[in-house]
Each structure stands twice: as structure tokens, then as C-alpha cells.
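Position chain V relative to chain S; hints supplied.
Respectively, the protein sequence lines represent chains S and V. Residues 4 to 670 (our numbering) are what the first sequence spells out, left to right. Residues 9 to 255 (our numbering) are what the second sequence spells out, left to right.
Read the hints as simulated data drawn from the structure, not as lab findings. Among these hints, one or two may not hold up.
[To be verified] Each computed DSS-like pair below joins lysine-lysine, with the alpha-carbon atoms no more than 25 Å apart:
| hint | chain 1 | residue 1 | chain 2 | residue 2 |
| --- | --- | --- | --- | --- |
| 1 | S | Lys399 | S | Lys415 |
| 2 | S | Lys646 | S | Lys537 |
| 3 | S | Lys537 | V | Lys55 |
| 4 | S | Lys380 | V | Lys100 |
| 5 | S | Lys380 | V | Lys156 |
| 6 | S | Lys399 | V | Lys87 |
| 7 | S | Lys415 | V | Lys100 |
| 8 | S | Lys415 | V | Lys87 |
| 9 | S | Lys537 | S | Lys574 |
| 10 | S | Lys571 | S | Lys646 |
| 11 | S | Lys405 | V | Lys156 |
| 12 | V | Lys10 | S | Lys405 |
| 13 | S | Lys396 | V | Lys10 |
| 14 | V | Lys100 | S | Lys536 |
| 15 | S | Lys360 | S | Lys315 |
| 16 | V | Lys156 | S | Lys378 |
| 17 | V | Lys55 | S | Lys571 |
| 18 | V | Lys87 | S | Lys396 |
| 19 | S | Lys415 | V | Lys158 |
| 20 | S | Lys405 | V | Lys158 |
| 21 | V | Lys55 | S | Lys574 |
| 22 | S | Lys405 | S | Lys415 |
| 23 | V | Lys156 | S | Lys399 |
| 24 | V | Lys158 | S | Lys399 |
| 25 | V | Lys87 | S | Lys423 |
| 26 | S | Lys636 | S | Lys10 |
| 27 | S | Lys19 | S | Lys654 |
Here the structure is a predicted model, which is why all the values come from computation and not from measurement.
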Amino acid sequence: MSILDSKIPKGPLEDKWSNYKNDINLVNPANKRNIDVIVIGTGLAGGSAAATLAELGYNVKTFCYQDSPRRAHSIAAQGGINAAKNYQGDGDSSYRLFYDTIKGGDYRSREGNVYRLAEVSGNIIDQCVAQGVPFAREYGGMLDNRSFGGVLVSRTFYAKGQTGQQLLLGAYSAMNRQINRGKIQAFNRHEMMDVVLVGGKARGIIARDMVTGAIERHSAHAVVLASGGYGNVFFLSTNAMGSNVMAAWRAHRRGAYFANPCYTQIHPTCIPVSGDHQSKLTLMSESLRNDGRIWVPKKLEDAEAIRAGKKKPTDLAEEDRDYYLERRYPAFGNLVPRDVASRAAKERCDAGFGVNKTGEAVYLDFASAIERYGKEKAFTSGHKNPSKEEVYKLGKDVVESKYGNLFQMYEKIVDQNPYKTPMMIYPAVHYTMGGLWVDYNLQTTIPGCYAAGEANFSDHGANRLGASALMQGLADGYFVLPYTIGDYLSKDIRTGKIPTDTSEFDSAEKEVTDRINKLMNAGGQHSVDFYHKKLGKIMWNKCGMSRNAVELKEAINEIAELREDFWKNVKVPGTADTKNAELEKAGRVADFLELGELFAKDALHREESCGGHFREEYQTPDGEALRDDENFKYAAAWEYTGKPSDAILHKEELIFENIELKTRSYK
Amino acid sequence: MKLTLKIWRQENATAKGKMVDYTIDGIDGDMSFLEMLDVLNEELVNKGEQPVEFDHDCREGICGSCSLQINGEPHGPDKLITTCQLHMRTFKDGDTIVIEPFRAKAFPVIKDLIVDRTAFDRIQQAYGYISVNTSGNTIDANTIPIEKEKADDSFNAATCIGCGACVAACKNASAMLFTSAKVSQFALLPQGEVEADRRVLAMVEQMDQEGFGNCTNTGACEIECPKGISLENIARMNREYLKASVK
Numbered sequence: 004m005s006i007l008d009s010k011i012p013k014g015p016l017e018d019k020w021s022n023y024k025n026d027i028n029l030v031n032p033a034n035k036r037n038i039d040v041i042v043i044g045t046g047l048a049g050g051s052a053a054a055t056l057a058e059l060g061y062n063v064k065t066f067c068y069q070d071s072p073r074r075a076h077s078i079a080a081q082g083g084i085n086a087a088k089n090y091q092g093d094g095d096s097s098y099r100l101f102y103d104t105i106k107g108g109d110y111r112s113r114e115g116n117v118y119r120l121a122e123v124s125g126n127i128i129d130q131c132v133a134q135g136v137p138f139a140r141e142y143g144g145m146l147d148n149r150s151f152g153g154v155l156v157s158r159t160f161y162a163k164g165q166t167g168q169q170l171l172l173g174a175y176s177a178m179n180r181q182i183n184r185g186k187i188q189a190f191n192r193h194e195m196m197d198v199v200l201v202g203g204k205a206r207g208i209i210a211r212d213m214v215t216g217a218i219e220r221h222s223a224h225a226v227v228l229a230s231g232g233y234g235n236v237f238f239l240s241t242n243a244m245g246s247n248v249m250a251a252w253r254a255h256r257r258g259a260y261f262a263n264p265c266y267t268q269i270h271p272t273c274i275p276v277s278g279d280h281q282s283k284l285t286l287m288s289e290s291l292r293n294d295g296r297i298w299v300p301k302k303l304e305d306a307e308a309i310r311a312g313k314k315k316p317t318d319l320a321e322e323d324r325d326y327y328l329e330r331r332y333p334a335f336g337n338l339v340p341r342d343v344a345s346r347a348a349k350e351r352c353d354a355g356f357g358v359n360k361t362g363e364a365v366y367l368d369f370a371s372a373i374e375r376y377g378k379e380k381a382f383t384s385g386h387k388n389p390s391k392e393e394v395y396k397l398g399k400d401v402v403e404s405k406y407g408n409l410f411q412m413y414e415k416i417v418d419q420n421p422y423k424t425p426m427m428i429y430p431a432v433h434y435t436m437g438g439l440w441v442d443y444n445l446q447t448t449i450p451g452c453y454a455a456g457e458a459n460f461s462d463h464g465a466n467r468l469g470a471s472a473l474m475q476g477l478a479d480g481y482f483v484l485p486y487t488i489g490d491y492l493s494k495d496i497r498t499g500k501i502p503t504d505t506s507e508f509d510s511a512e513k514e515v516t517d518r519i520n521k522l523m524n525a526g527g528q529h530s531v532d533f534y535h536k537k538l539g540k541i542m543w544n545k546c547g548m549s550r551n552a553v554e555l556k557e558a559i560n561e562i563a564e565l566r567e568d569f570w571k572n573v574k575v576p577g578t579a580d581t582k583n584a585e586l587e588k589a590g591r592v593a594d595f596l597e598l599g600e601l602f603a604k605d606a607l608h609r610e611e612s613c614g615g616h617f618r619e620e621y622q623t624p625d626g627e628a629l630r631d632d633e634n635f636k637y638a639a640a641w642e643y644t645g646k647p648s649d650a651i652l653h654k655e656e657l658i659f660e661n662i663e664l665k666t667r668s669y670k
Numbered sequence: 009m010k011l012t013l014k015i016w017r018q019e020n021a022t023a024k025g026k027m028v029d030y031t032i033d034g035i036d037g038d039m040s041f042l043e044m045l046d047v048l049n050e051e052l053v054n055k056g057e058q059p060v061e062f063d064h065d066c067r068e069g070i071c072g073s074c075s076l077q078i079n080g081e082p083h084g085p086d087k088l089i090t091t092c093q094l095h096m097r098t099f100k101d102g103d104t105i106v107i108e109p110f111r112a113k114a115f116p117v118i119k120d121l122i123v124d125r126t127a128f129d130r131i132q133q134a135y136g137y138i139s140v141n142t143s144g145n146t147i148d149a150n151t152i153p154i155e156k157e158k159a160d161d162s163f164n165a166a167t168c169i170g171c172g173a174c175v176a177a178c179k180n181a182s183a184m185l186f187t188s189a190k191v192s193q194f195a196l197l198p199q200g201e202v203e204a205d206r207r208v209l210a211m212v213e214q215m216d217q218e219g220f221g222n223c224t225n226t227g228a229c230e231i232e233c234p235k236g237i238s239l240e241n242i243a244r245m246n247r248e249y250l251k252a253s254v255k
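Okay, chain S solo, but in the shape it has when bound (with noise of 0.2 Å):
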């Protein structure tokens, strides 16, 4: 084992970004035209990212598997984007956010990462805004903001319940802007199938081309892995279909240290499971906390009666209501973070009080902010005495323009109304803290190799803010990336184009063709999908929301057995050298099957509960997390050595030295 630099600078907490950026070597113009640049995924990281260092001079080539960049699922992002500009005047700032953000995350992240990241996240905002992102605006023709999870501060951008597509349709126009220069090319529906280094350092990728079924070999001096989170290890999740960890486990097989794998967020607000058939999961967003109440029935009879469908939410009196999160939270209330949401939903279902079919669901209620709201407009616009129906009806439009968008998905979905009759919401996967650990320039331990937004693990420590990926993402690839890997270019100023005719990506291209051709060839027994879902069964089961030694145990060795199994017995129809969804699905199921067993493993060695991860063993009376600083104050770096279980740890000791370590209450 051994210790990660972390390469934090020196210097007063404040003060540590901008003497680093004073520090740094700079590539001059005209050498930034003689270095490429290859980034991997085109979502707010590796769009805003590639756009950047596009303008700043160097040849840009990016990958996505999706038939434009505009489509990857940080368009699916509804609530909002975070950032310390105080137009409130509710005493935010960028020591408040970087505090929020540490805390929320348990004191499990990095502080300089973390303040770096609440220093910048003000500008993101201005950028946006100049690149024309419509933001939702006040009468005055400000910018509006609204509150989210584990805050104090209303301090969340937005632009409805879409915030994710105008942002991610921002860093497409400002690739698109590259694109007309031909500073970018843009290589879509193109998969990485691996990284290739030469004398160590990441100097290109394998790509296949997913429409012809092409090998190809892409050289650069540098490669971004902005190829996002690994939620779809659970198979359910609110990922887009296509999201997977190739990009990343690739990476991580080559050298790249994979960081803290269980940390994963299970997200409070979503549309509950309704069959066997499920494809995804949807997610209602965190913004609908502001306004909607959670509860279940206070009686075993009425959950019970509901559940029949002998008694609708609405006979229920209120006093028969248990609104448990402002029972048990009264400081936060509906609006504790995520993972104090989920867990909490879990255990009133666990104890009975579910109320679909399934008993996994609480409710989300919007009746009392219909009220208000209604009573509000009515009195603003003089009506002083105003009846139910103009009361409701007033309110009704106020909620709709808020979230307009997510009550029709809702209503798409579930077949009901949810302006008449509560929403029905459960916890799912949505966002993994954990990913390819990065130090402080955001590159990987394989020199050259950066990763950015969720395909990292940086700043989120063990649990996520609301709306904190999308700052964290534009952060990265707008205002960190552009800086730090300047610093490692300057060093390749005389290297010249990188061939790809070597050796090097002779013997990576043939370990893509062999694998592909391994999956094209196994038994034929069972389709990927057969084996995603049990996979994802074993993950939720026993790697979900609380875990303890022995399932997790059980996991390890049920997941190599189902990976041995995949390998001999998965059937994938078709050619390789075609369109071939089959096999696409094949090659990321392959690599969830080996993530999902260092996932248990590193969930196993963390013997304290913090944020997303809660183990049963270890939690104080009243069933919150117990944390454990003197044993496990760290970020856990697992280093590829075959068999996913035999990985070796790495630990970085997180210091803190600003922030004072307190159990976290939001009470």
C-alpha cells in the first residue's frame, strides 16, 4: 500500500487556486496547434472541456456513443446548477458552499478540491449566461433562485425543470463554435473500447466506430475520460440506457486507480418501480422538495388500506399523516440531503407504511403549496376573501410553472394526476460519487489520463449535493481541465504527432478485436440483458441502500460466478461489423460485471457508515450513519491487478484543515 499525492498546493485555503494557476507553465499559441487533445464523452465535463481547449489552440477529437454530443445525459439534469453569487443576500458564499459541500458529503472529500470548485462555481454562471442559456428570471429581470437538499441558502440556478439540457446545449454550441473553426472533430456514435499508453503515458484510444462496426486508432498527447458515473451497475437506475463505465474501466485495467466504488447515491425522489418489465427508472427532481411534503399514513391500517386501494391518500385526515422527514428533521425538513431522504423512506417502508403494491413508495404532496401559493396570488392580486376552487385554481397555475414539465412526466407514466392526488415516489440509483481517482490537476495515476465530471471521484466526498454535479462538471471542463493539463503539455511542446503504427496500439487494437470476438462467439445461452439484471438484482439487494458484511460477502462471490457464467454462456446475435446494439449492451455489461465485484469489496473494507454508504453494523441508536475518522478518514484508491477482488488498496488521508470533523445533523 501506498500513500497518493494528492499534489494539493501549499497555501491558505483562499489563496491556493490562484497562486497555482500563477505557478503553472503555459504552452505558448503556436505550439498548442502541434498537440491534440482527445476527450471521451460530451456531456457538461467533456463538452464544456473540449469547447475550451479547442479555443485555446489544441487539436480536439471527441467520442460519444449517442448520434450527437447534444444528447448525452447530463441533458436529463432537472433541478439545477449551484453557485456562490449571493444574489439573495441570504449570506452565501464561497466558504459557505465549500462548507455545505464538504458536510454534505460527509467529510469525505478533498477541502482544496472542494474550495477550488465553490471559487469557480460563481463564473459559471456569467459564462452561461453569456452564451445565451435561458435561466429562469424574476419580475425584475434578475436571475431567480430556488433552494435544494442540506442548504440553508437559496443559491440553485435554473431553467424549469430542464436545467441539464440548457446547460449541456450550452457547451454544444460552444462546441459547435469549434466545430465551424475545425479546432474539433466530433466523432459520434464512436465507443472507446480502451486507452493506449506508450512509455507509460496515455497517448491515444481504440475506438470502434458503432455504426460500421470499424477498429479504430486515435492518437493524442493527452486523453479526458468525461464518460460519466457507473449507476447502471444496479441495471435500474435514472442513467440514459447507453451510460456505462467502459471508458473508465478501461482506464482502470491500464493503471488508473478506481476511488471509493460504493460510494453511490440513491436518490429520494423517483418514480417507483411498476413491474418486471422496467427498463429505468425516472427521477422527479429534488427542486419538487421546496414546496412538496413527504409522508406516509401515522396507522399500519390505513398503509394497509391504501395498498388494498380501499382508501385514497386524500380520505386521509391530517393528523393520520406522518410527514416523517419534518418529524425526525425539524432544522431541514423535507429538504435533508439525499441520502438522509432515502434511508428514511426506506425504514417507514420497511416498517409497513409503503403505499403502492408494491409497499415501496411514500408520498410527495403538493396540496398545501397549491394552497398557499393560491391564497398568495389571490391576496397580491387583491382579492382578499377568495374561494377553494380560485385558491386552487391560482395555485395550481403558480405549481405548473414551476414544475410544469415534471408533473406531465409524472402523469405520463404513472396515469395519474398529481395536482389532484399525491405523488407516489421511492429511492433509486442516480449518481455515483466514486469513480477514477484524480489529484488535484484532475489527472488519473496514469500520467496523460484526466477524468472529469462523475466519471471522477473529486469533490463529492461520500454523498452529492442537489445540484451540485452540474456545477462540478462545468467547473471541471470550463475553468479546471483548461489549466491543469496545460501544465502537462508544455512538457510535449517538441514531442510531435503521436504515431499510432506502433506497437503499442498494435497489441491494445488486438485486445479490443479479441474481446469482441470472444462475446460475438460465447455458449448462447442467455441474452445481456439476462445477465445486466441479475447483476443488477445482486447490486440492490445486497450492495443498495444499507449494506452489511455478510450479503456484501455474498456479493463478491455471486457476481465472479455470474461474470464466469457471462463469459461462457452469453449470446450476442449478428456480426461485429455492423450496426449491433446486442454487443454494444455486451462489452458494458462485461465491465459492470468486474466493477460490481470491487464495489462490494471496497463497501466491505469501509467498516463505518458515511453519506450514501450506511453499513447496518454500524449506525447510532436512532439509525443514523455512524461515521468512523480514525479509521477511515480517507479516500479508497483500488489499483487493477486481475481478479476485481484482489485489488490493492491505496489510501489518500483526507486533512482537513479547515473545516472541524462533527457528526453531520441536519436535526
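Chain V in isolation, oriented as in the chain S frame:
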């Protein structure tokens, strides 16, 4: 429920395609349309046949990947949703469902139900953006107040997901609704004014080069648009275009 599916099968861009019939049973009303196709594909894989290829990703109506022409309508019979949000409760036992790719000269078929929509990317690459450096050296976001109504209209235009339903719905396979939504988003904002003329001229020219047809003025695009993008955008683009052309 039990259904008959008539699905367009085409091996690749150059092969000749044809409609193929499938029957499928045990479909539940709570399934999404694409989950119904998943069931079909699982059956086909188990039988050793080629599964049907179709574009899809987020399955929550925002990425714009899914693109099926269902019973002659882009994204099927329901309004204001994408194919992935269409649920099988819309259909009844014994129905026959015809599933084709989006049809347009500018959207050539890649395989089965997958079409190539990169023409949309190229339209946006033709100055469909605001030329601002991404270095962050911009003015504070609140320096220029923007009327809420204008910001909202700009947002409404910007919600286009680039799926291509407007093109598939149009007799002329026109991309006016798509292009005008992007033109409008920027035309409505002060940040977009500086380059407004160049933008509208370049985007329209690219649109024509890609082989999209002219506007029919029938409004089929607006009716089929899953995001409810308004025809007003086309009117605004025409005004912008005229204004830019006479300068």
C-alpha cells in the same frame, strides 16, 4: 394484451428495406412503448434472430434520441411526448401497430428504425451559437436584466430536443421548426443580438443545403412536436431572415 407489429427492417444504409410482421403477447399497459420493443427483442435474441435496432437513451423524453413513426405519426398517437414516454395503455388488445423510421431525404436510414440526423448538428454548427469565449472572462450574469417574458419565450424555444419529429411530420420534410427554435432562442436575448443577422442567414442556408424542404404552413410540425415548440418561432425566423437579407 396481444399485438401485431409491422416493423421496418433494413440491414444498412444501402440495403433495400421492407416491413416485417411480428406478433407479441403479454404486453402490460404500464409498459412504455420502448419496453414493449425490449420484450420483442429479447424474444428475437432468444430465437437467434436479429433484434430490431432503434435509437433510444434517456427514456424520459429529454435526450431526443428516440424517433419512431408509429401508425403514421412521429412519436405515436399521444401529444406532447416522445416515443419513450408513450405507454402501452394507449393501445388495446388485438391492435396492429405500424412502426417505421422517421422519413426524410435529409435523414437517411442507418439500420432498421435508426436514421442519421447529423444534418441537425450541421445546421447548428452554422453559427447557431453566441460567439463567446469559454474562458470565464465575462460580465456578471446579472449585469443585463432581461424581461421575464422574453426570457421565458427564449426558454420555451430552447426546449427543443432536436428529435426531428417536425421533419418527419412535414409533407415537405421541412426543418423550419427546428431551425427557427434555435434562431428564436438567441434572437429573443440581448446576448444574441450582435450576431443575429449572420446567424439566421447561415442557419437557413445550411438547412437548405441539407435537403430539407420548404415550410408548408400546415402546422403539422407544431402538432407533432413533443415539446410543443410554437409556429410563432417560424414567423419570427422569417422576420429575422427578411431583416437580415435587406441590410
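We went through each hint and held it up to the structure:
{"no.": "1", "hint": "Lys399(S) - Lys415(S)", "verdict": "holds (18 Å)"}
{"no.": "2", "hint": "Lys646(S) - Lys537(S)", "verdict": "holds (20 Å)"}
{"no.": "3", "hint": "Lys537(S) - Lys55(V)", "verdict": "holds (21 Å)"}
{"no.": "4", "hint": "Lys380(S) - Lys100(V)", "verdict": "violated (43 Å)"}
{"no.": "5", "hint": "Lys380(S) - Lys156(V)", "verdict": "holds (18 Å)"}
{"no.": "6", "hint": "Lys399(S) - Lys87(V)", "verdict": "holds (21 Å)"}
{"no.": "7", "hint": "Lys415(S) - Lys100(V)", "verdict": "holds (17 Å)"}
{"no.": "8", "hint": "Lys415(S) - Lys87(V)", "verdict": "holds (11 Å)"}
{"no.": "9", "hint": "Lys537(S) - Lys574(S)", "verdict": "holds (15 Å)"}
{"no.": "10", "hint": "Lys571(S) - Lys646(S)", "verdict": "holds (17 Å)"}
{"no.": "11", "hint": "Lys405(S) - Lys156(V)", "verdict": "holds (14 Å)"}
{"no.": "12", "hint": "Lys10(V) - Lys405(S)", "verdict": "violated (40 Å)"}
{"no.": "13", "hint": "Lys396(S) - Lys10(V)", "verdict": "violated (41 Å)"}
{"no.": "14", "hint": "Lys100(V) - Lys536(S)", "verdict": "violated (28 Å)"}
{"no.": "15", "hint": "Lys360(S) - Lys315(S)", "verdict": "holds (13 Å)"}
{"no.": "16", "hint": "Lys156(V) - Lys378(S)", "verdict": "holds (23 Å)"}
{"no.": "17", "hint": "Lys55(V) - Lys571(S)", "verdict": "holds (19 Å)"}
{"no.": "18", "hint": "Lys87(V) - Lys396(S)", "verdict": "holds (24 Å)"}
{"no.": "19", "hint": "Lys415(S) - Lys158(V)", "verdict": "violated (29 Å)"}
{"no.": "20", "hint": "Lys405(S) - Lys158(V)", "verdict": "holds (17 Å)"}
{"no.": "21", "hint": "Lys55(V) - Lys574(S)", "verdict": "holds (11 Å)"}
{"no.": "22", "hint": "Lys405(S) - Lys415(S)", "verdict": "holds (18 Å)"}
{"no.": "23", "hint": "Lys156(V) - Lys399(S)", "verdict": "holds (20 Å)"}
{"no.": "24", "hint": "Lys158(V) - Lys399(S)", "verdict": "holds (23 Å)"}
{"no.": "25", "hint": "Lys87(V) - Lys423(S)", "verdict": "holds (21 Å)"}
{"no.": "26", "hint": "Lys636(S) - Lys10(S)", "verdict": "holds (18 Å)"}
{"no.": "27", "hint": "Lys19(S) - Lys654(S)", "verdict": "holds (23 Å)"}
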